[in-house]
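Just need the whole structure built from these sequences, with the hints factored in.
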Amino acid sequence: MMKKIIIITILVFIGNLFAQGSISGKITRADSGDALLGVNILVAGTFTGTTTNDDGEFEIESLPSGEYTLVVSMIGFEKHTEKNIVVVDKKVQIEIQLKRDVLSAPQVVVTASRNVQDVMELPVSMSVIGPRKIHDRAAVNLVEVMKFEPGISSVRGQLNIRGTSGFTVGTGDRSLLLIDGVPVMGSGAGNITWTMVPISEIDHVEIIRSGGSALYGSSALGGVVNILTKNAPPKAETRFRLKSGMYSEPKYKQWQWRSQPGLFNYIDLTHSRPIGKHSAWVRFHKAKSDGYKRQGWLDANNITGKIKFNFGERYNASIFANYYSDKTSLASQWKNAANPFEAPKGEEEDHTVGTKLNLNGFFNMILSKNTVIKLKGSIYNVWWQNHSASNNNFVDEQKIYGEAQVATTLSQSTQITAGVVAQKSGIDASVYGDHSSLSMSAYIQAQQRIGKKITLNTGARMETYSVDSEKLDESIAPQVALNWRALEWLSFRGSVSRGFRVPSVAEMYTQTQLNIFQVEPNPNLKAESSQGGEVGLTVQIPGNSLASNIKFDLAAFSSTFDQLIVANPNEKGIIHFENLTDARISGLEVGLSGAMLNKSLLFSTAYTHLNPVEIDKDGSAIDTLAYRFRHTLVTTIGTRLMGVTMTLENRYMSRIERVKLFQENAISGQDKRVPIHIWNAGFGYDYRGWDFLFRVENMFQYYYTELERNMGEERHFSLTISKKI
Amino acid sequence: MKLICKLITIISVLVFIWSCETPESLEPVSGIEGKLFVEGEWPDSIKATALIVLNSLDPGNLAAGIVTYSTPMLSPSKKSDYFFQLEPGFYFVAGVGLTMDPVLFFANFDSITASGNLPIVQLEKSPPLLKIIDLGNQQVIEIDHTITFK
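First to last, the protein sequences are chains A and B. Taking the numbering used here, I'd label the letters of the first sequence as residues 1 to 725. Taking the numbering used here, I'd label the letters of the second sequence as residues 1 to 150.
Keep in mind that the hints were calculated from the coordinates and are not lab data. Wrong hints could be hidden among the right ones.
Said to hold, decoys possible - Computed cross-link-like contacts, DMTMM-like style, restricted to lysine to aspartate or glutamate with a CA-CA straight-line distance of at most 20 Å:
no., chain 1, residue 1, chain 2, residue 2
1, A, 83, A, 95
2, A, 660, A, 691
3, A, 253, B, 144
4, B, 78, B, 110
5, A, 672, B, 27
6, A, 599, A, 686
7, A, 660, B, 110
8, B, 79, A, 347
9, A, 345, B, 24
10, A, 345, B, 110
11, A, 345, B, 33
12, A, 230, A, 54
13, A, 672, B, 33
14, A, 672, B, 39
15, B, 35, A, 342
16, B, 35, A, 95
To be verified - Label-pair restraints from in silico Cβ distances:
no., chain 1, residue 1, chain 2, residue 2, range
17, A, 462, B, 117, 54 to 64 Å
18, B, 9, A, 91, 43 to 53 Å
19, A, 685, B, 144, 54 to 64 Å
20, B, 74, A, 665, 49 to 59 Å
21, B, 43, A, 471, 47 to 57 Å
22, A, 588, B, 7, 38 to 48 Å
23, B, 9, A, 391, 49 to 59 Å
24, A, 391, B, 117, 32 to 42 Å
25, A, 391, B, 148, 25 to 35 Å
26, A, 453, B, 6, 53 to 63 Å
27, B, 79, A, 471, 19 to 29 Å
28, B, 9, A, 390, 32 to 42 Å
Even glycine gets a Cβ: it sits at the ideal position worked out from N, Cα and C.
And the structure:
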């Protein structure tokens, strides 16, 4: 052993002085021997890595002489670690076979540092959702899948990462949505349209749960959701998915309101194929639902496509296009507590019609073996109009986004990523007038390896923001984050960061009537900001046939928010959006998942405790923040045997302690709020390539409100059939 | 690995037991619903009308008995719908006129009711205008109500 160490040390020393080598090879499937495209290969303890080409081949060049370990991973396959590869001054050839593992989640991610990174070496808290989780829930809305992750909840469809957003009536989301790394959010209201996400074409989703704006700027105050879409497979294929189902009638006779059950149908049809060196897919999606309540119906069409260009070893590019049109019901609240599934009188026919068009793309240039330039751009157009008894409000907005990024590896232990971003919006809306906005920002981040076990990330972003050509604000957001991979299966992390969010045009300029209250503009609104930190640990054990894929994650966090923007009625009853509240959200997240008994029994649970409070200037708590759940517990238990899957899910959220609009009346019992206890179950069967999945959601017909006077979703049954042709 | 297996099993059972905690699902409510009509010409001094529900009737301190109130109908409207969610029991329902801007009134409702000086005019003080309701469990009583201005 000692002799080997001496030889390697000498080789490394001499190698560093004189020679460089490379590792190349081929990666195939263990079951069929087919080459695998897009496998991630990372040199452990360095920032060096690559992916396999169409033939499953890869090459990592210019490695100083030494002994290396390769970490090889791909979604749907077991992670493979190839150790003791000795490189001197020539090419080392290896061949690796990967075993199928449908349970495996992605082992490398790109969002946390804008570079490929092992999940065990992340300096911030992140959830990764692989395609299996999306499939097993037959989801049509990604939020329904995300809220089974630690720290994530939703209030009437609005995503909350660690409780940062609460409920903001469709304005000013505090979580940023990216599709393939490019922001996709409305510029007027600053909100996310989850229904236009092409859920059947998601490769995986990376969710940064730590707030901060150092890498992604405004709106990343509470976290980032990055949806990575699929690339077309090497062979042409057509896939379809049909999800059909029905809502139960309310279990109480007093609440029943229609003679026939409400139905819903969702159809996805995708064709993908290689085109020479390039590849493309196109997907058509149709959604039609009667809804579980009178004003809950939806009729939507969505066409999405992606072209991946391959211009050789040094250049590649991608264009993603998404067109979404919908006609959907509008409802502010139920008719009354005695008729919670019916619409208020006069609002029965209220609806909105809209279209959204998103084009985004990137172009990657590998300038040298150490330097990559990425150019990204997007166009996002949103138009909608209300057809309502009370108003015919409309919005027409366009947003153009451009980003140039350079990533360079200075040595095997230092990597720098820097970029500039410009974003321009034009808005014409009856509710907030004609306005334009411009934001310019620059960011830089350094990733430094300290020894083989510590990764240090330091970065900062500066952003200026102007509305109608007048400068509104400028902010600087630094971040320092550290990961210590103490053992192969155990890592610790800690980070401190600053975040900010500039107010949306809707928050500044909305002028409308809301019931008897008047909403007036506040053009003097300032950006809100946060300072926060977290510590956490991750344990990941491959295990054996008894217990495997064990993952345990623990995080404690605290963020202080300055000048939080809230809608607030003044003493005259006039509502403004104001920089009213300082707030602090602290909490704890625990996640545990794994498989037992030769992967036939699956288990995952996540608990989140939040303490969201408004604070005064001295930092003392004044009141609880509205629309936040103090306790959230989500649990999934499932079995998978001989093509048959069975799952049981439970979601518990404690009673929302504070709301803004309608307070509980203890004497009359009006506007009572209760905890949420939802049970779902699923039964799936895979028969000769036909995939059947039967699900029942809210199977015990539990009734609750997340938002005042809005009943939660009724029990519904669905059957999803999918097939690859 | 056996220890991890045992730990997961124990945690699963604990989580399952906790998840089975008695739920508190919302249930049908009791209440009064109907239409509020206004007949005659609105006086200039009345900015809005509303129905109030009282569980006790003290003519000297009306505010003490108010349980809830309907969304104000602004002058010069003639008709609106109302619904009161109430616990089972006895209630008085009366029409009132609001002598100040209803937006200002409801924005400062807590301080005004605490003062006891309500800017309202009791338009109906005795039966049959002042209605007495005996409300049962999960019962919704439908009553239309007319306020007449002379």
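Right, here's what the structure says about each hint:
no. : hint                       : result
1   : A:83 to A:95               : holds (13 Å)
2   : A:660 to A:691             : violated (45 Å)
3   : A:253 to B:144             : violated (23 Å)
4   : B:78 to B:110              : violated (28 Å)
5   : A:672 to B:27              : holds (10 Å)
6   : A:599 to A:686             : holds (17 Å)
7   : A:660 to B:110             : holds (15 Å)
8   : B:79 to A:347              : holds (16 Å)
9   : A:345 to B:24              : violated (29 Å)
10  : A:345 to B:110             : violated (29 Å)
11  : A:345 to B:33              : holds (13 Å)
12  : A:230 to A:54              : holds (15 Å)
13  : A:672 to B:33              : holds (18 Å)
14  : A:672 to B:39              : violated (35 Å)
15  : B:35 to A:342              : holds (17 Å)
16  : B:35 to A:95               : violated (80 Å)
17  : A:462 to B:117: 54 to 64 Å : holds (55 Å)
18  : B:9 to A:91: 43 to 53 Å    : holds (49 Å)
19  : A:685 to B:144: 54 to 64 Å : holds (56 Å)
20  : B:74 to A:665: 49 to 59 Å  : violated (23 Å)
21  : B:43 to A:471: 47 to 57 Å  : holds (53 Å)
22  : A:588 to B:7: 38 to 48 Å   : violated (19 Å)
23  : B:9 to A:391: 49 to 59 Å   : holds (57 Å)
24  : A:391 to B:117: 32 to 42 Å : holds (36 Å)
25  : A:391 to B:148: 25 to 35 Å : holds (33 Å)
26  : A:453 to B:6: 53 to 63 Å   : violated (30 Å)
27  : B:79 to A:471: 19 to 29 Å  : violated (51 Å)
28  : B:9 to A:390: 32 to 42 Å   : violated (56 Å)
In this structure, the hints that do not hold are numbers 2, 3, 4, 9, 10, 14, 16, 20, 22, 26, 27, 28, in rising order.
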